[in-house]
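Visitor: If you read the sequence shown in my numbering, its first letter stands for residue 770, the second for the next number, and so on.
Hint data in this document are derived by calculation from the structure and do not stem from the laboratory.
You may find that some hints are simply not true.
Stated by the list, open to error - Computed Cβ-Cβ distance ranges for the label pairs, DEER-style:
no.: 1; residue 1: PHE826; residue 2: PHE787; range: 30 to 40 Å
no.: 2; residue 1: ARG841; residue 2: GLY812; range: 26 to 36 Å
no.: 3; residue 1: ALA810; residue 2: VAL845; range: 18 to 28 Å
no.: 4; residue 1: ALA885; residue 2: TYR792; range: 30 to 40 Å
Since we're looking at a predicted model, the values are computed, not measured.
Every residue, glycine too, gets a C-beta built ideally from N, C-alpha and C.
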Amino acid sequence: MSFTHRLSIRVYYEDTDFSGVVYHASYLRFLERGRTEILRAAGVDQSMLHAEGQGLFFAVRRLTIDYLRPARMDDVLTVETRTTEVRGATLDIEQRILRGEEVLITASVLVASLSAGRPVRIPDALRLRLTAEAPETLPPYEASLEDTRSIPSS
770 MSFTHRLSIR VYYEDTDFSG VVYHASYLRF LERGRTEILR AAGVDQSMLH
820 AEGQGLFFAV RRLTIDYLRP ARMDDVLTVE TRTTEVRGAT LDIEQRILRG
870 EEVLITASVL VASLSAGRPV RIPDALRLRL TAEAPETLPP YEASLEDTRS
920 IPSS
């Protein structure tokens, strides 16, 4: 089981609609920040990952979101992100947005690993970091993609 990353976000005016509640699409930005920060916490620099080797990047393939309660301007929210499974070229990620202990949003995200627009195997060193309970205890991640291989799309 991987670690859970927590990111604190304050709701600003720009995140809300005319009624003062968070606009539904703003939550997608909050969730994206959570996914970016879990990679960073695992010692993975996405821009370096893309720039080196085969140009690996991640794209959301499917996102299921449940809006349970609204957030409002000036709320301080916590985005919780956890990798639940890493397969050949995909990651399953579970996310929640909370205000204190109150769950406002739940989301399940399927993320694809791509290079040159095609699915590519997630490197073993990266896979290890994404499933570790304490990635900070692992040696530094090197963005070598020699263990990736193109996975035919079906």
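Visitor: Give a verdict on every hint.
Guide: Structure-based check of all given hints:
no.	hint	result
1	PHE826 with PHE787: 30 to 40 Å	35 Å, holds
2	ARG841 with GLY812: 26 to 36 Å	35 Å, holds
3	ALA810 with VAL845: 18 to 28 Å	19 Å, holds
4	ALA885 with TYR792: 30 to 40 Å	34 Å, holds
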